[in-house]
Amino acid sequence: EFVESGALPADMIYRYSRHLLLPDFGVEGQRKLSRSSVLVVGAGGLGSPVALYLAACGVGVLGIVDGDDVELNNLHRQIIHKEAYVGRSKVKSAADACRAINSSIKLVEHHHTLKPSNALEIVRKYDIVVDATDNLPTRYMISDCCVLLNKPLISGAALGLEGQLTVYHHNGSPCYRCLFPNPPPVAACQRCSDSGVLGVVPGVIGCLQALEAIKVATDVGEPLCGRMLLFDALSARIRIVKIRGSSPVCTICGEKSVFTQEEFQKFDYEKFTESPMSDKSTPSLSL
Amino acid sequence: EFVESGALPADMIYRYSRHLLLPDFGVEGQRKLSRSSVLVVGAGGLGSPVALYLAACGVGVLGIVDGDDVELNNLHRQIIHKEAYVGRSKVKSAADACRAINSSIKLVEHHHTLKPSNALEIVRKYDIVVDATDNLPTRYMISDCCVLLNKPLISGAALGLEGQLTVYHHNGSPCYRCLFPNPPPVAACQRCSDSGVLGVVPGVIGCLQALEAIKVATDVGEPLCGRMLLFDALSARIRIVKIRGSSPVCTICGEKSVFTQEEFQKFDYEKFTESPMSDKSTPSLSL
Amino acid sequence: MHLTLEFGGGLELLLEKSTKVHKVDCQPTMDGSEGGKATMKGLLSWVKSNLIKERPEMFIKGDSVRPGVLVLINDCDWELCGGLDAELEDKDVVVFISTLHGG
Amino acid sequence: MHLTLEFGGGLELLLEKSTKVHKVDCQPTMDGSEGGKATMKGLLSWVKSNLIKERPEMFIKGDSVRPGVLVLINDCDWELCGGLDAELEDKDVVVFISTLHGG
Ligand SMILES: [Zn+2]
Ligand SMILES: [Zn+2]
Numbered sequence: 001e002f003v004e005s006g007a008l009p010a011d012m013i014y015r016y017s018r019h020l021l022l023p024d025f026g027v028e029g030q031r032k033l034s035r036s037s038v039l040v041v042g043a044g045g046l047g048s049p050v051a052l053y054l055a056a057c058g059v060g061v062l063g064i065v066d067g068d069d070v071e072l073n074n075l076h077r078q079i080i081h082k083e084a085y086v087g088r089s090k091v092k093s094a095a096d097a098c099r100a101i102n103s104s105i106k107l108v109e110h111h112h113t114l115k116p117s118n119a120l121e122i123v124r125k126y127d128i129v130v131d132a133t134d135n136l137p138t139r140y141m142i143s144d145c146c147v148l149l150n151k152p153l154i155s156g157a158a159l160g161l162e163g164q165l166t167v168y169h170h171n172g173s174p175c176y177r178c179l180f181p182n183p184p185p186v187a188a189c190q191r192c193s194d195s196g197v198l199g200v201v202p203g204v205i206g207c208l209q210a211l212e213a214i215k216v217a218t219d220v221g222e223p224l225c226g227r228m229l230l231f232d233a234l235s236a237r238i239r240i241v242k243i244r245g246s247s248p249v250c251t252i253c254g255e256k257s258v259f260t261q262e263e264f265q266k267f268d269y270e271k272f273t274e275s276p277m278s279d280k281s282t283p284s285l286s287l
Numbered sequence: 288e289f290v291e292s293g294a295l296p297a298d299m300i301y302r303y304s305r306h307l308l309l310p311d312f313g314v315e316g317q318r319k320l321s322r323s324s325v326l327v328v329g330a331g332g333l334g335s336p337v338a339l340y341l342a343a344c345g346v347g348v349l350g351i352v353d354g355d356d357v358e359l360n361n362l363h364r365q366i367i368h369k370e371a372y373v374g375r376s377k378v379k380s381a382a383d384a385c386r387a388i389n390s391s392i393k394l395v396e397h398h399h400t401l402k403p404s405n406a407l408e409i410v411r412k413y414d415i416v417v418d419a420t421d422n423l424p425t426r427y428m429i430s431d432c433c434v435l436l437n438k439p440l441i442s443g444a445a446l447g448l449e450g451q452l453t454v455y456h457h458n459g460s461p462c463y464r465c466l467f468p469n470p471p472p473v474a475a476c477q478r479c480s481d482s483g484v485l486g487v488v489p490g491v492i493g494c495l496q497a498l499e500a501i502k503v504a505t506d507v508g509e510p511l512c513g514r515m516l517l518f519d520a521l522s523a524r525i526r527i528v529k530i531r532g533s534s535p536v537c538t539i540c541g542e543k544s545v546f547t548q549e550e551f552q553k554f555d556y557e558k559f560t561e562s563p564m565s566d567k568s569t570p571s572l573s574l
Numbered sequence: 575m576h577l578t579l580e581f582g583g584g585l586e587l588l589l590e591k592s593t594k595v596h597k598v599d600c601q602p603t604m605d606g607s608e609g610g611k612a613t614m615k616g617l618l619s620w621v622k623s624n625l626i627k628e629r630p631e632m633f634i635k636g637d638s639v640r641p642g643v644l645v646l647i648n649d650c651d652w653e654l655c656g657g658l659d660a661e662l663e664d665k666d667v668v669v670f671i672s673t674l675h676g677g
Numbered sequence: 678m679h680l681t682l683e684f685g686g687g688l689e690l691l692l693e694k695s696t697k698v699h700k701v702d703c704q705p706t707m708d709g710s711e712g713g714k715a716t717m718k719g720l721l722s723w724v725k726s727n728l729i730k731e732r733p734e735m736f737i738k739g740d741s742v743r744p745g746v747l748v749l750i751n752d753c754d755w756e757l758c759g760g761l762d763a764e765l766e767d768k769d770v771v772v773f774i775s776t777l778h779g780g
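As given, the protein sequences belong to chains A, B, C and D, one line each in that order.
Residue numbers for the first sequence, in my numbering: 1 to 287.
Residue numbers for the second sequence, in my numbering: 288 to 574.
Residue numbers for the third sequence, in my numbering: 575 to 677.
Residue numbers for the fourth sequence, in my numbering: 678 to 780.
Since the hints were derived computationally from the structure, they do not count as laboratory data.
None of these values were measured; they are calculated from a predicted model.
Think of the CB as a built atom: it goes at the ideal place given N, C-alpha and C, for glycine as much as any other residue.
Just so you know, not all the hints are guaranteed correct.
Here are the computed lysine-lysine pairs in the DSS-like style, where the Cα-Cα straight-line distance is at most 25 Å [said to hold, decoys possible]: (1) K768/D with K665/C; (2) K594/C with K242/A; (3) K115/A with K151/A; (4) K738/D with K529/B; (5) K738/D with K558/B; (6) K529/B with K402/B; (7) K242/A with K615/C.
Label pairs and their in silico Cβ distance ranges [said to hold, decoys possible]: (8) D481/B with I634/C: 50 to 60 Å; (9) E734/D with K543/B: 55 to 65 Å; (10) H576/C with V473/B: 23 to 33 Å; (11) F554/B with K738/D: 18 to 28 Å; (12) T696/D with D219/A: 15 to 25 Å; (13) L757/D with F554/B: 45 to 55 Å; (14) F559/B with T681/D: 49 to 59 Å; (15) D762/D with A100/A: 37 to 47 Å; (16) S592/C with E549/B: 46 to 56 Å; (17) E255/A with V667/C: 47 to 57 Å; (18) E764/D with E274/A: 54 to 64 Å.
Based on the sequences and whatever the hints tell you, model everything.
This is the structure we're talking about:
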């Protein structure tokens, strides 16, 4: 769609020259990127670097979905949003920032909260999905949706001074339900608004998510399939561990799964996890 | 200077609420950040996330030094610069972007190439220095300067699909000369303009540099002193290795060092490394 | 036997002083004897009795860990090593980490 | 003895197919015998003869590595393990990495 075939256009050669020089990446990698479409779910702490780096590197289509507005207490970590956008849509703010750094890619703004009722329709249009959300029910929902539509899912999370990253449902890797068939007790579902997060921690994880998306889109290198990265900012330790593969008995991605798109659309993820999808509570600080 | 004492102002409490909630960071961490000053040398691939995250998190004074102008072929990785700034000063572009996300911190623009003749004067004003440059002679110069002025140096590098990170001259860690007393042969000095770099690789390293700067500024956690992080994007492997401490026989930071500020100002780093300080060559691509 | 136990993702809050890394000397056999096989099942029981200071239901459910906790033996998912029946050896590193949801 | 040798920071370009990780079986003793002590000095010589395919001056200078190369034995700077005289054991992991300057 964006690059027909053969040689890249001259302005692209100049813009992406530092990519084209890479023996492991080169013209073929850049062409694959320009033909790929990536959906970033969440324009927050993780989504900020994901969207900026995917826009800068030249993916063909970048979709961003988020139903929230920018708040001042987002800005300590959500570097895609300017003060001038406080009170306005996060998706608009993020898309404008991406356009300003690369006007040559196609940006799609999905100004909704992703829900079972709209997720299939939105996710279907993309090759790769990046989970940059901040709550448990949405994480289950996105994973189920990606299994139903057979899309690779680049999943990152950050809280406090720690971060986690893996690629679900790709090259034999598990889905979220393979790893976590049952949701944790409600008391274990801490959010950034409850427990805080050091701003640059989602920055590190988000950059690594953008990298994994690029690797999956271009088929270059070894993505984090069947492996999980565990990041501890305080001690500056990073562990990359081997995790189980896709489970044959998984109720969603397993061989005998009977989970359908219709069931997905009716599934109550908030009830399943006993946890709300939106995270708009203001922390009560007594200092 | 920026926060006098006692409680934080109300707008700061709201803006940084997610930091204040962190038990390991809290009000004391935020106050230390707001009283710290950090100099970022280089507003390029590494400097982009470093400057954005340090501005967002609320360091008191953020200085940026770079003598170059924004070029279109920077934009695939230098996410702080907008297309509208192509042809204009990188320092101005970066400072404007930082101001837009946090107008409450002080930004200082040093629109020069850092040289032995001006480095002491500029570096002296800051508590912490971040090396986000792209060439070997400047790396030796910044390290020597930081030893002379006794400043911690957060040093990152990225090329191709690899990155490296450590903290020099802090808590007994070595200086650059302790590790590399002699410069490598000229043929080993590849640059991004020669060999290319995948845009998000300096993104990952730059975020980690911002994190280390925050840890040093707030005295929270264990900075990467006497350790080096080695990042391989292709295989998604990260190694954190133990490196030697400060060498007693180092000609710069060692006990018997006789290196003075006067000698520093006259030292020819380009001749020492047989390598130029500026990196303005355009790659010759035949595609 | 000497084991290194690490807790993360918030699980460290259940331990004294929220310490993440614990180097311990224990006999995580089913009857605590030196001779028996040291298993993860024995270790979970030992951790619950000896390290967890509060809210044990945030760590254990039934005879396993609660949902949402990943267990790693020498950087490998315990599901690949036998789960509760996985045998432990001297100097093994066992990580318990709660999955994060924030962003 | 079995060793894992890794090359990075561009040094892999000196090897066949630019392969970064090499699992090798070698006797890096000074005379190549099985009985002698395996040292880093012996290993450098073995690597130069057996793995380096081009521009050896980009890897070796004199009897050590060229300036700008870090050597790590089991994730530890070889300067802390004895440098050229460091003794190697079976299954050790030795990393040779060239320092990067880009940004
Ligand atoms: Zn599954
Ligand atoms: Zn030194």
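| said: Under the constraints set out in the numbered hints, which ones does this structure not fulfil? | reply: 6, 9, 10, 13, 14, 15 and 17
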